[in-house]
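Colleague: So the sequences go chain by chain: A and B. Residue 307 is where the first sequence starts when you use our numbering, and the numbers rise one by one after that. Residue 307 is where the second sequence starts when you use our numbering, and the numbers rise one by one after that.
Wrong hints could be hidden among the right ones.
Since copy identity is lost for identical chains, a pair holds within one copy or between any two.
[Claimed, not checked] In silico BS3-like pairs for lysine-lysine, Cα to Cα no more than 30 Å straight-line:
hint : residue 1 : residue 2
1    : Lys452    : Lys559
2    : Lys475    : Lys559
3    : Lys611    : Lys364
4    : Lys413    : Lys559
5    : Lys495    : Lys413
6    : Lys540    : Lys559
7    : Lys475    : Lys364
8    : Lys413    : Lys475
9    : Lys559    : Lys477
10   : Lys364    : Lys495
11   : Lys364    : Lys452
12   : Lys477    : Lys364
If you are wondering where the hints come from, they were derived from the structure by calculation, not from laboratory data. On a predicted model such as this, the values are computed, not experimentally measured, just so you know.
There are 2 protein chains.
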Amino acid sequence: MTHLSRAWVLTAHPTGIPTVENWRLEDQTLPGPADGEILARSVYLSVDPYMRGRISAKANYAGGVAIGGIMHGGAVAEVLESNHPDWRPGDHVETMNFGWRDKAVLKGDGLTRVDPALAPLHAYLSYLGMPGRTAWLALQDIGQVKPGETVLISAASGAVGQVAGQIVKAKGGRAVAVASSEEKLAWCKQLGYDAGVNYRTAEDLGTAIGEACPDGIDVFFDNTAGPIHDAVMKRLNLGARVIICGTISLASKFDEPDMGERFLRQILVARARIQGFLIFDHVARYGEANSALAAMSEAGDLQFKTDVEERLEAMPSAFISLLTGDNFGKKVVRIGPDSES
Amino acid sequence: MTHLSRAWVLTAHPTGIPTVENWRLEDQTLPGPADGEILARSVYLSVDPYMRGRISAKANYAGGVAIGGIMHGGAVAEVLESNHPDWRPGDHVETMNFGWRDKAVLKGDGLTRVDPALAPLHAYLSYLGMPGRTAWLALQDIGQVKPGETVLISAASGAVGQVAGQIVKAKGGRAVAVASSEEKLAWCKQLGYDAGVNYRTAEDLGTAIGEACPDGIDVFFDNTAGPIHDAVMKRLNLGARVIICGTISLASKFDEPDMGERFLRQILVARARIQGFLIFDHVARYGEANSALAAMSEAGDLQFKTDVEERLEAMPSAFISLLTGDNFGKKVVRIGPDSES
């Protein structure tokens with residue numbers, strides 16, 4: 307038995323910011339599900355900055371998407387058919403390997419169970435999913451925030467940033483937001499951030515960050531690279547930690563060298579630690595992160611904002627708008643009804 | 307009772323490479339030694355790249371030298387008078403806080419005992435002293451070399467590099483030297499380095515480093531910054547560690563921004579860890595490092611080269627030649643006779 311699926315496939319590796327022509331929506335036939343597999347329909351597809359790396363022409367992360375291949379992406383999905391003992395039709399799962407499509411046949415092992423009674427389904431792509439785990443584990447492993455320390459977070463109202471700021475507050479740190487609008491900064495304040503800098507309107511970004519961080523910066527959660535990175539690196543305290551989590555400001559010159567000021571003297575003088583973080587390395591610890599995030603959520607310590615677009619057709623444009631800074635909160639695209647019941 | 311001392315004092319904060327006019331040799335009167343203090347004469351003064359940071363006009367490490375202040379530096383010294391129970395005249399001590407002078411009154415606490423029977427006195431400024439401890443602790447804390455890993459060391463024949471290469475070999479790593487002459491690379495081979503790159507004659511430094519490291523680079527012990535750093539950062543393996551130990555290639559533009567290619571994408575894709583290391587943070591662990599280095603030395607696993615100049619008058623020029631890459635091995639200046647007996 308086979309099933310029909312509509313899937314976005316890559317037509318070209320973009321240079322710089324992608325265009326909608328970099329993908330093509332095509333009909334595909336799915337075999338199975340075979341023994342141990344399930345058939346599922348996507349309810350929400352995730353839209354994340356890291357996807358830019360997956361479509362780079364250059365060697366990048368393992369898992370680059372080939373021309374003609376289905377675009378990589380995570381989803382919350384509903385099980386339609388199951389040949390795996392853990393899953394029944396009507397169950398919901400979260401997976402980082404669904405792809406930009408409406409239906410998929412997946413191995414039943416390695417999927418995360420989603421409880422629709424606990425939180426909205428899209429939360430499992432947000433604070434209870436990949437961005438939440440990223441914020442938690444990166445702060446746990448690299449950030450190591452101590453009470454009273456100043457933690458600056460770029461893209462502070464984004465999917466990772468909004469969770470990171472709340473974790474910092476829960477750990478007793480002072481959270482400083484950098485974001486692109488007053489509206490986003492107001493939302494950050496509501497989340498508990500102690501101070502904020504609007505990088506689009508600041509007369510001098512370095513001065514503004516200096517004023518928002520009068521005691522210097524102990525931890526820098528860097529989701530952007532670029533000018534924010536430059537301003538922060540000059541204000542690191544002794545023993546500072548820098549999490550390199552994303553480089554979204556480089557999206558328009560993704561495969562070109564990034565030229566500018568380097569900070570080796572600052573790293574040496576501050577004895578700073580700069581470390582790249584990628585959530586896909588930490589699959590074995592998703593449970594640890596999810597438990598911590600669920601506990602914060604149940605205690606009422608986690609607010610979040612979700613930026614929802616509608617229909618599979620919107621995927622390329624939703625992704626492109628994420629790269630150009632127009633989203634607010636975690637970006638998802640709703641494919642099907644939340645429940646068919 | 308007072309004593310006469312001749313001391314180099316700072317006359318100006320240099321911009322770029324210092325000149326001999328940045329210091330003045332002057333006669334000073336030493337009081338004491340008071341209770342708990344000793345009077346000592348320097349036998350060897352240490353000459354080290356980190357001293358450039360101490361005379362920067364910019365805020366830098368704690369311990370910057372003020373105009374008119376005695377130039378900072380370590381020494382192996384002989385005790386002449388003692389008002390401290392641990393020390394007697396004729397004992398030898400090592401300290402990182404002697405200064406560029408022939409005599410000093412020092413607190414008796416916090417000095418390291420030197421055994422002239424175990425190794426030549428200048429070894430306590432080299433593989434049994436600050437550079438040896440730096441190599442050992444930086445590799446222990448940040449490098450964490452595993453057998454079979456490729457470790458690239460810049461300034462490989464220098465005071466830190468020559469020890470680092472031998473530690474890497476003892477840990478089962480593959481050591482790759484980058485140095486400025488064939489003579490230095492031949493010496494590195496003799497120390498056990500597996501491969502070497504001459505950065506002055508390589509047609510393309512990146513290609514040469516790529517050929518010397520066919521399996522990529524797992525650990526980068528960076529003593530130089532600059533073009534070697536740039537070439538290595540593009541060849542980091544997954545999970546690579548980068549020790550920022552020195553930035554000697556920036557000596558000529560010390561207080562200016564260092565412009566060039568940045569490597570945040572590479573750090574993210576490799577999930578690399580870049581960390582500044584300064585030995586002065588690790589005083590509590592000098593014993594651990596010294597024991598390990600003494601054990602290697604006794605086992606015959608440590609060779610070293612020392613570049614000895616003579617007389618206090620030579621200090622400024624010896625230091626300047628170190629910054630311009632003309633030394634070979636650990637640079638010291640011999641002030642007095644090794645022993646007056």
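Colleague: Output the numbers, in ascending order, of every earlier hint that fails for this structure.
Modeller: Violated hints (numbers, rising): 1, 2, 3, 4, 5, 7, 8, 9, 10, 12; every other hint is consistent with the structure.
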